[in-house]
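Given the sequences, and given the hints that come with them, work out the whole structure.
In order, the protein sequence lines correspond to chains A and B. The first sequence begins at 155 in our numbering and counts up one residue at a time. The second sequence begins at 155 in our numbering and counts up one residue at a time.
Hints listed in this document are in silico derivations from the structure and should not be mistaken for laboratory results. Mixed in with the good hints there might be a few duds.
Treat identical chains as interchangeable: a pair holds within one or across any two.
Mimicking EDC-like on lysine to aspartate or glutamate, the simulated pairs with C-alpha atoms at most 16 Å apart in a straight line are [as the list claims (entries may be wrong)]:
no., residue 1, residue 2
1, K483, E410
2, K352, E440
3, K374, E256
4, K210, E275
5, K212, D401
6, K278, E260
7, K230, E204
8, K432, E459
9, K374, D341
10, K273, E260
11, K310, D379
12, K433, E457
13, K432, E457
14, K210, D179
15, K351, D414
There are 2 protein chains.
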Amino acid sequence: MESSREHFIFIHKLEPAKANITIKDVARELGIHHVTVSRALRDTGSVKKETRDRIKQKATELGYKPNRLAQNFRNKRSNVLAVVVPDLRPYFFARFVSDFMEIAKEQGYSVMIFQSGEKPEMEKDIINSLMEYRVSGVVASVTKDTLHEHPFDVLKEDNIPFVFFDRAPEDSCAPQVLVDNFKGAYDAVTAMVKTGKKRIAYISTHYQHQIFRDRLAGYKQALKDNNLPFKEELVVQGGFFMKDGADLAQKLMAQEYRPDGILAVRDEIGIGVIKYLKKTGIRVPEDVAVIGFDNDPMGIACEPELTTVQQSIPSMVSGSFELLVGQIKSGMPANHKRLIQPKIIFRGSV
Amino acid sequence: MESSREHFIFIHKLEPAKANITIKDVARELGIHHVTVSRALRDTGSVKKETRDRIKQKATELGYKPNRLAQNFRNKRSNVLAVVVPDLRPYFFARFVSDFMEIAKEQGYSVMIFQSGEKPEMEKDIINSLMEYRVSGVVASVTKDTLHEHPFDVLKEDNIPFVFFDRAPEDSCAPQVLVDNFKGAYDAVTAMVKTGKKRIAYISTHYQHQIFRDRLAGYKQALKDNNLPFKEELVVQGGFFMKDGADLAQKLMAQEYRPDGILAVRDEIGIGVIKYLKKTGIRVPEDVAVIGFDNDPMGIACEPELTTVQQSIPSMVSGSFELLVGQIKSGMPANHKRLIQPKIIFRGSV
DNA sequence: CTGAAAGCGCTAACAT
DNA sequence: ATGTTAGCGCTTTCAG
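Here you go:
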């Protein structure tokens with residue numbers, strides 16, 4: 155078997171195969187004015203039904219395709235919705251984008267995706283592109299470091315509506331669809347307490363973003379409401395992946411005050427925790443219970459299956475889409491905020 | 155804690171906050187012609203260095219932003235690259251798109267993503283949009299049912315270059331970057347044989363696409379080369395997910411001729427297999443070895459960790475990007491084909 | 001090196 | 001119901 159092959163066969167220099175058909179071409183063929191064609195094709199203004207039909211038929215006959223570039227230029231706006239995410243690879247974002255594209259397409263919008271890579275400078279770059287492209291609207295989840303800045307606010311100057319989902323700058327009064335992270339963590343801790351756990355730890359990423367602080371707050375409150383002591387050493391933070399979860403679990407279990415329950419802010423971290431615990435002979439959930447966040451399908455792959463705090467992606471998608479399109483259609487800015495209620499999916503790790 | 159909140163605060167009707175600055179504005183301020191501004195800003199034509207500097211400074215001072223809509227219209231082409239995938243959610247595609255966007259951005263392109271949902275009609279719709287938007291180029295992975303049709307060929311009429319990755323229509327002579335699926339399956343089977351396995355099964359999705367048939371062919375050839383009999387009943391097919399893998403594994407293990415090795419065409423299926431086997435007390439890999447395809451991080455979550463056939467995504471991304479941009483820059487169609495060599499990542503399931 | 005003229009394809013506004 | 005006019009912001013072409 156060959157290791158790598160390439161075939162070089164140049165056909166011919168590309169050249170205008172067939173002049174692009176414009177409304178003028180259609181008009182000429184019919185002996186009418188191109189403006190009438192424009193009207194007929196867009197079903198606006200008044201055009202005699204018969205004329206309209208002739209036009210549409212001729213248009214398809216000639217293979218006319220509207221020049222969106224001209225349309226957008228003329229209309230000063232592309233009918234493109236932009237989605238800005240920190241990273242497209244995690245299941246949560248991939249799924250959000252996938253679902254969002256589906257609903258956007260149904261409603262006649264196209265979608266451009268942008269990745270900030272969690273880098274604020276990149277985010278600013280993207281926002282610049284957004285304005286240059288005159289997108290119709292933006293749905294964004296900010297970087298981990300976009301805390302007190304409000305880089306998206308410049309979009310207001312260009313009247314480009316935007317909605318935050320999942321992550322927003324703190325104190326932003328822009329429309330947003332967030333998850334009730336406080337409650338998610340609170341409920342998760344409570345669930346572990348109900349099974350008799352008393353020393354519950356909290357593992358976070360090293361990100362400083364609001365959502366993680368909300369989860370921490372929920373964690374603390376749940377401890378308090380259950381008359382459990384808050385122990386500084388049971389709160390640790392590190393990376394983003396399984397490996398990090400394993401490392402952090404090791405750190406926790408090496409301490410004198412060992413946890414019997416662990417709340418991880420990401421499923422992937424939670425899985426790493428479980429893997430470490432099992433490897434060292436600790437039983438899950440008998441000795442230590444584990445709960446993650448995100449309802450990543452990956453959580454079903456591990457043994458026991460990971461109990462997780464689910465953030466309903468369909469709700470977030472439809473919520474942010476509605477908030478965005480509402481602004482676009484009304485021409486009004488808005489500052490609705492929606493809080494999505496998380497739900498615990500019980501599987502085997504609690 | 156409240157269950158859901160909405161705040162309604164309408165600020166004011168959106169209105170042109172500040173007229174958009176155009177090159178004419180910049181020119182007027184400087185008392186020169188807007189064409190000179192255009193030239194200076196694009197670093198084309200000859201403009202006196204001093205003039206150029208003054209222009210650039212004034213432009214940033216005024217907050218000039220090029221109107222891409224006008225540029226694209228005028229240039230008859232948007233500088234947008236399109237990526238068409240069947241589904242954005244599986245790790246393989248999310249990762250490909252993510253990496254592709256990164257490299258495209260570095261090179262000054264924007265990216266539009268489209269999802270066909272594995273539906274050929276949707277794919278045709280998308281292709282239509284592609285032409286309407288006058289994208290500069292397209293990278294696509296076709297639907298599972300795009301076998302003998304060549305829907306992308308119409309792009310040639312509009313001189314829009316395209317490249318297939320991972321999945322291409324059969325016998326397509328368009329440029330493409332595929333994985334050597336035959337070899338991937340061949341090597342996987344061979345690896346299991348080397349550990350003493352003799353009754354190796356093959357689990358596929360119900361998709362009829364070439365890539366799965368190539369894998370099947372590789373599987374068969376490996377059996378042959380190792381003097382192992384090919385048993386019809388050891389080849390089964392079903393869905394796409396863990397559950398399907400478990401169901402298929404059950405079916406296989408219920409047969410008289412039970413496998414001692416299983417090759418799954420997707421990691422997620424392979425994980426389902428492992429979960430089923432363990433649940434029924436069958437040891438992996440001692441009793442039955444399992445290998446998947448894709449190198450999905452999910453494979454690390456299960457126990458034992460899944461051995462997998464990796465298709466180098468960076469190679470596919472850079473390969474398809476090069477092939478695409480090569481066509482765009484040269485103005486020539488091409489029909490290079492690249493075959494990416496897969497590599498087995500040995501973990502615990504073999 | 002800079003300016004003037006022209007037009008891309010489409011649509012809003014006005015006129016008939 | 002249809003036609004006329006004008007122009008979006010930019011770049012290419014040609015002139016100076």
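Hint by hint, here is what the structure shows:
Neither within a single protomer nor between protomers do K483 and E410 lie at most 16 Å apart by alpha-carbon distance, with minima of 59 Å and 64 Å respectively. In this homomeric assembly, K352 and E440 come within 16 Å of each other (Cα to Cα) only inside a single copy, at 13 Å, whereas the closest approach across copies is 39 Å. In this assembly of identical chains, K374 and E256 lie within 16 Å of each other by CA distance neither inside one copy nor across copies; the values are 39 Å within and 39 Å between. For a Cα distance limit of 16 Å, the shortest separation of K210 from E275 qualifies neither inside one copy, at 48 Å, nor across copies, at 22 Å.
Taking identical chains as interchangeable, the C-alpha atoms of K212 and D401 are never at most 16 Å apart, the minima being 68 Å within one chain and 54 Å between chains. In the homo-oligomer, the alpha carbons of K278 and E260 lie at most 16 Å apart only across protomers (15 Å), although the nearest pairing inside one protomer, at 30 Å, exceeds that limit. In the homo-oligomer, the alpha carbons of K230 and E204 never lie at most 16 Å apart, since the shortest distance is 31 Å inside one protomer and 33 Å across protomers. Taking CA atoms no more than 16 Å apart as the test, K432 paired with E459 passes in both settings, with 13 Å inside one copy and 13 Å between copies.
Only within a single protomer do K374 and D341 lie at most 16 Å apart by alpha-carbon distance; the minimum there is 11 Å, versus 52 Å between protomers. In this assembly of identical chains, the alpha carbons of K273 and E260 lie at most 16 Å apart only when taken from different copies (15 Å versus 32 Å within one copy). Proximity of K310 and D379 under a CA criterion of 16 Å is satisfied in neither setting, with 43 Å inside one chain copy and 67 Å between copies. For the identical chains of this complex, K433 and E457 are neighbours both inside a copy (12 Å) and across copies (10 Å), given an alpha-carbon limit of 16 Å.
Proximity of K432 and E457 under a CA criterion of 16 Å is satisfied in both settings, with 9 Å inside one chain copy and 10 Å between copies. In this assembly of identical chains, K210 and D179 lie within 16 Å of each other by CA distance solely inside one copy; the values are 13 Å within and 41 Å between copies. In the homo-oligomer, the alpha carbons of K351 and D414 lie at most 16 Å apart inside one protomer (6 Å), although the nearest pairing across protomers, at 42 Å, exceeds that limit.
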